[in-house]
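Asks: Just so you know, the protein sequences line up as chains P and L, in that order. Position one of the first sequence corresponds to residue 53 (the working numbering), numbered consecutively onward. Position one of the second sequence corresponds to residue 2 (the working numbering), numbered consecutively onward.
Worth flagging that the hints you see were computed from the coordinates, not collected in a lab. These numbers come from a predicted model, not from an experiment. Just to be clear, a hint being listed does not mean it is correct.
Said to hold, decoys possible - EDC-like mimics (lysine to aspartate or glutamate), calculated; alpha carbons at most 20 Å apart, straight line:
(1) Lys-95/P - Glu-83/P
(2) Lys-133/P - Glu-243/P
(3) Lys-179/L - Glu-122/P
(4) Lys-234/P - Glu-196/P
(5) Lys-321/P - Glu-249/P
(6) Lys-221/P - Asp-261/P
(7) Lys-99/L - Glu-122/P
(8) Lys-221/P - Glu-196/P
(9) Lys-179/L - Asp-261/P
(10) Lys-235/P - Glu-380/P
(11) Lys-397/P - Asp-429/P
(12) Lys-133/P - Glu-177/P
(13) Lys-234/P - Glu-219/P
(14) Lys-179/L - Glu-73/P
(15) Lys-99/L - Asp-261/P
Claimed, not checked - Computed from the model, here is a short list of chain L residues facing chain P with C-beta under 8 Å:
(16) Ala-94
(17) Arg-97
(18) Gly-98
(19) Leu-114
(20) Pro-117
(21) Asp-165
(22) Cys-175
(23) Ala-177
(24) Leu-180
(25) Thr-245
(26) Val-249
Said to hold, decoys possible - Label pairs and their calculated CB-CB ranges:
(27) Ser-159/L - Glu-180/P: 52 to 62 Å
(28) Leu-188/L - Pro-105/P: 52 to 62 Å
(29) Lys-99/L - Glu-263/P: 31 to 41 Å
(30) Gly-132/P - Arg-192/L: 35 to 45 Å
(31) Gln-12/L - Ser-400/P: 28 to 38 Å
(32) Leu-236/P - Ile-35/L: 54 to 64 Å
(33) Ile-19/L - Glu-263/P: 33 to 43 Å
(34) Thr-104/L - Leu-378/P: 52 to 62 Å
(35) Leu-31/L - Ser-193/P: 50 to 60 Å
Each residue gets a CB set at the ideal place from its N, CA and C atoms; glycine is no exception.
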Amino acid sequence: MTQTLVKNRTAQSADQPTLLEVRNLTKRYGEVRAVANVSLEVKQGELVSFLGPSGSGKTTTLNMIAGFDEPTEGDILIGGKAIQGVSPHKRDIGMVFQRYTLFPHLTVFENVAFPLTVRGVGKAEIAERVRAALKLIRLESYDERRPSQLSGGQQQRVALARAFIYEPKLLLMDEPLGALDKKLREEIQIEIRRIHERLGVTIVYVTHDQEEALRLSDRIAVFNHGRIVQVGTGIELYEHPANAFVASFVGNSNFLSGRIVESQSGTSKVQLAGGDTIVAPARPELGVGSAISLMFRPERAILRRAGEAQAHENRIPGRLLESVYLGESVSHTLMTADGVEISIKQSSGGEHGLGLGFTGDAEVCWRRDQTHLFPADAN
Amino acid sequence: MLLNRNRRGAQFYILAAITAAVMVYLLVPLFFLIVLSFNESRWLAFPPPGWTTRWFEELFTNPSWLASIVNSIKIGFVVMVFSLLLGVPTSFALVRGKFPGKTALNAFFTSPLIVPVIIIAVALYGLALTFGLAGTFTAFIVAHLIVALPFAIICISSSLMTFDESLEKAAMICGASKLGAIWRITLPSIRPGIFAGGLFAFLISWDEVVLAIFMATPALQTLPVKIWVTLRADLSPVIAAASTLLIVATMAIVLLVLALRRPQAER
Chain P
53 MTQTLVKNRT AQSADQPTLL EVRNLTKRYG EVRAVANVSL EVKQGELVSF
103 LGPSGSGKTT TLNMIAGFDE PTEGDILIGG KAIQGVSPHK RDIGMVFQRY
153 TLFPHLTVFE NVAFPLTVRG VGKAEIAERV RAALKLIRLE SYDERRPSQL
203 SGGQQQRVAL ARAFIYEPKL LLMDEPLGAL DKKLREEIQI EIRRIHERLG
253 VTIVYVTHDQ EEALRLSDRI AVFNHGRIVQ VGTGIELYEH PANAFVASFV
303 GNSNFLSGRI VESQSGTSKV QLAGGDTIVA PARPELGVGS AISLMFRPER
353 AILRRAGEAQ AHENRIPGRL LESVYLGESV SHTLMTADGV EISIKQSSGG
403 EHGLGLGFTG DAEVCWRRDQ THLFPADAN
Chain L
2 MLLNRNRRGA QFYILAAITA AVMVYLLVPL FFLIVLSFNE SRWLAFPPPG
52 WTTRWFEELF TNPSWLASIV NSIKIGFVVM VFSLLLGVPT SFALVRGKFP
102 GKTALNAFFT SPLIVPVIII AVALYGLALT FGLAGTFTAF IVAHLIVALP
152 FAIICISSSL MTFDESLEKA AMICGASKLG AIWRITLPSI RPGIFAGGLF
202 AFLISWDEVV LAIFMATPAL QTLPVKIWVT LRADLSPVIA AASTLLIVAT
252 MAIVLLVLAL RRPQAER
C-alpha cells in the first residue's frame, strides 16, 4: 500500500515544471568545503528531503537556498530565476527552523499574521487568513496565547502556519521536529504531509532521521561530506543503494568484505574473507578480482538451525550469540567462523520469531537478489 | 537544609541573627535619616521632640531646593535618553559584531566603572574649562553620560546576548528587512533590558555627586550637590528631607527595574 502511495506521489510531480534548481553549489569556509558541487532539481509540488549525518552539508545548502549564506560557487534558481544576492526577505520562501522561533512578545495570532503584516495586507484579510491557517493546524482556539504557553509540538505547528500563510512558492524545513519526542514527531509528520497535499506547496525538508525522510518525502537526497551521494525515492534508496554509505545510512545493513572470483550472465561469485562463497547481481564496474564490500539487510535474511534444508542460495554458517526480543521483531546476532557479527531481524510472528530456543550452531541465508556489491574502498 | 524551618537547630538561629545584624547595619543610618526628616526640632535632634512635615514643605517651596530637584530630573532624563541612543547600537556592535579587538573594545566601554571617578572629574573639569563649558547643562550631561553609559550597555548587551538571533532570521524569511526585523522583533524582545538600562542610567546620574560637584555652579546644582553644599553651611533638617526624597526615588527606580526583570526571567 505504501508502495502505491509513493508511486502516485512521484507520478504526480514528475510532469510538473522545475521550481528549484541548484547547480554546482559549493560553499567553502576557509579550507573546508562544507558543500561540494551539489546539483539538484526539485519539481513544483514535490517534497524533497535532505538526509545525512550532522556536518554533511544539508543545512548549509538549505541556508544558501534561504539566503542566510552566500554560495562560494554555483547557482540557485527558483522558477528559473537566479536568486544570488537577493536578500532572504525578498526570496518569497517560507521556513520552519529546528529551534523554536516564534516571536515571544507576540500572540499566536500575531505570530501567524506577521508575514502578512510586514507585507501590508489589510486587517480584515489578515484575520480571515490567520483563522484559516490556524484551523489547518488545528489550533483555532489558541490565537490569544503566547508562545510560552504552548507545548513544543504546538509551537512548531504555529511556526508551520507562519511559514505557509503567505503562500510562498517554496517551504524550507530545517529539522523542525528535532527537539520533539518520537510520538509527537510522528503526529506532526502526518500534519506536514496533510498540509503538503492540501496546499500543493513545494517543500525541502532537512533531517538526519531516515525514518522521517522515508515517511514524508517524494524523493530523498542523501548527503555525505558535503556532497549528494544519491537522489531517489525511498524505495530506490533502500532497495538499490548506490554506494555503501547510502546502504548503511538508510536502514540497517550487514557488511562483509571479499573479492569477486567469477562473473558471468549478470551474476558475480564472491569469495568472502571467511572463505564462504556468495552469489550476487553483478555490477559492471566491479570486474573479476575486485575487492568488494558485500551488503545484505538484516530483515531480508533468515536464520536456520545448522544442517536444516537450505532456503536461499546464499548462506554462511556461524554461532548464534543472542536473540533479543523487540516486540514486533526479534534481533539475532550470529558470529561467523572468522569472527564477523551478522545481525538478522525476524518478525516476532514468523517461524523463528521468538528465537530458535537455542544458542550454538546456526546459519544465515538470504537471496541472491538481496545481495549488494560495493567497491571495498568506498565509504 | 540549613534553613529548614521544621528543624530549627542552633544553626538556623545563628544564621538568622547574622542576617538581622547585617540588615540593621545597612538600614539603621537610613532609618535615622528618614525619622529626622519628620523631626520638629530646628536641629537634628534624636529622639525627635515632635513631628512635622515642615521640612518637606520647605524643600518643595524653597526655589533653590526646588531648582536642584528639577535640575537632577532634567539631567537624569537627558542622560537616560542619550545612554539609550548610544547604548543600543553599541550593544549590537559588541554582541553581534565580528571584528578584531572586540574584547578590548568591550573592556574599554566598561572602563569608566573602574577608573576612579575623581580622575574622570578632574580630567573633564580641565576639558570643560578649555571649551568654556564649565558649569553648563551640556557639561553635566557629558560628565554623567560617561559613567551612566557603561550601565546601559551592560544591561542592553546582556539581554541582547540571551536573545536568540534565529528569531531575527525567522522574521527576515517572513518578509521583514534586516532593520524591520530588528525594529519589530529584536527591540521589543529585549525591551526589559533596554528599560532597565535606561533606568539605571537615570539612577547613576540622579545619585552622582563627585562629577556634579566639579561641574556645578551656584546657579546650576543637582540635588546631591545642593545637599552637599547646604551641609557645609548648616545642619538644617531640610537636608534630611532632601535625602529622604533621594532615597525614596532611588528605591522606587530600583524596584521598577526588578519588576521589569522578573517577567523576562520567567520566560
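Asks: It remains to establish, for every hint, whether it holds in the given structure.
Replies: Now for the hints, and whether the structure bears them out:
1. Using a Cα cut-off of 20 Å, the hinted pair Lys-95/P and Glu-83/P is violated, with the two alpha carbons roughly 33 Å apart.
2. Our distance criterion of 20 Å between C-alpha atoms is broken by Lys-133/P and Glu-243/P, whose separation comes to about 31 Å.
3. For the given pair, Lys-179/L sits about 16 Å from Glu-122/P by alpha-carbon distance, which is consistent with the 20 Å threshold.
4. This hinted pair does not check out: Lys-234/P and Glu-196/P have alpha carbons roughly 28 Å apart, beyond 20 Å.
5. Taken as a hint, the Lys-321/P and Glu-249/P pair is broken in the structure, with Cα atoms around 46 Å apart against an allowance of 20 Å.
6. In summary, the hint linking Lys-221/P to Asp-261/P is not supported, as the alpha carbons are separated by about 25 Å, beyond the 20 Å threshold.
7. Proposed proximity of Lys-99/L and Glu-122/P is supported: the alpha carbons are some 17 Å apart, at most 20 Å.
8. Proximity of Lys-221/P to Glu-196/P is assessed by CA-CA distance (about 29 Å); at most 20 Å being required, the pair is judged violated.
9. For the proposed pair Lys-179/L and Asp-261/P, the alpha carbon gap of about 33 Å is over 20 Å, so the pair is violated.
10. Taken as a hint, the Lys-235/P and Glu-380/P pair is honoured in the structure, with Cα atoms around 17 Å apart against an allowance of 20 Å.
11. Only pairs whose Cα atoms come within 20 Å are accepted, and Lys-397/P paired with Asp-429/P is rejected, the gap being roughly 27 Å.
12. Of the pairs offered as hints, the one joining Lys-133/P and Glu-177/P is violated, with about 30 Å between alpha carbons and a cut-off of 20 Å exceeded.
13. Among the hinted pairs, Lys-234/P with Glu-219/P is inconsistent with the structure: their alpha-carbon atoms are about 29 Å apart, more than 20 Å.
14. With a C-alpha separation of about 26 Å, the suggested pairing of Lys-179/L with Glu-73/P is violated against the 20 Å cut-off.
15. A C-alpha spacing of about 34 Å is found between Lys-99/L and Asp-261/P, which places the hinted pair above 20 Å, so the restraint is violated.
16. Hint status for Ala-94/L: violated, given a least beta-carbon distance of 21 Å to chain P, over 8 Å.
17. With 8 Å as the threshold, the beta carbon of Arg-97/L stays out of range of chain P, its nearest partner Cβ sitting at about 14 Å, so the hint is violated.
18. Using the Cβ-Cβ criterion of 8 Å, the hint placing Gly-98/L at the interface with chain P is not satisfied: the shortest such distance is roughly 18 Å.
19. Below 8 Å, beta-carbon pairs count as interface contacts, and Leu-114/L has none with chain P, the closest being about 31 Å; its hint is therefore violated.
20. Below 8 Å, beta-carbon pairs count as interface contacts, and Pro-117/L has none with chain P, the closest being about 41 Å; its hint is therefore violated.
21. The criterion of a C-beta within 8 Å of any C-beta in chain P is met by Asp-165/L, whose closest approach is roughly 7 Å, and the hint holds.
22. With its C-beta approaching chain P no nearer than about 4 Å, Cys-175/L sits inside the 8 Å limit, and its interface hint holds.
23. Interface hint status for Ala-177/L: upheld, as the beta-carbon distance to the closest one in chain P is roughly 5 Å, under 8 Å.
24. At about 11 Å, the closest approach between the beta carbon of Leu-180/L and any beta carbon in chain P exceeds 8 Å, and the interface hint on this residue is violated.
25. Against a cut-off of 8 Å between C-beta atoms, the interface hint on Thr-245/L is violated, since the closest Cβ of chain P lies about 38 Å away.
26. For Val-249/L, the interface hint is violated, the least distance from its beta-carbon to any beta-carbon of chain P being 32 Å, above 8 Å.
27. Checked against the hint of 52 to 62 Å, the C-beta distance between Ser-159/L and Glu-180/P comes to roughly 41 Å, which is inconsistent with it.
28. Checked against the given bound of 52 to 62 Å, the beta carbons of Leu-188/L and Pro-105/P, roughly 38 Å apart, lie outside it.
29. For the pair Lys-99/L and Glu-263/P, the supplied restraint of 31 to 41 Å holds, since their beta-carbon distance comes to about 38 Å.
30. In this structure the supplied range 35 to 45 Å holds for Gly-132/P paired with Arg-192/L, their Cβ-Cβ distance being about 43 Å.
31. Take Gln-12/L and Ser-400/P: their Cβ atoms lie about 60 Å apart, and the range 28 to 38 Å is violated.
32. Taking 54 to 64 Å as the suggested C-beta distance range, the pair Leu-236/P and Ile-35/L conforms, at roughly 58 Å.
33. The hint said 33 to 43 Å for the Cβ distance between Ile-19/L and Glu-263/P, and at roughly 60 Å that hint is violated.
34. As the Cβ distance of Thr-104/L to Leu-378/P is approximately 53 Å, the hint placing it in 52 to 62 Å holds.
35. The supplied range of 50 to 60 Å is met by Leu-31/L and Ser-193/P, whose beta-carbon atoms lie about 52 Å from each other.
Hints 1, 2, 4, 5, 6, 8, 9, 11, 12, 13, 14, 15, 16, 17, 18, 19, 20, 24, 25, 26, 27, 28, 31 and 33 from the earlier list are contradicted by this structure; the remaining hints agree with it.
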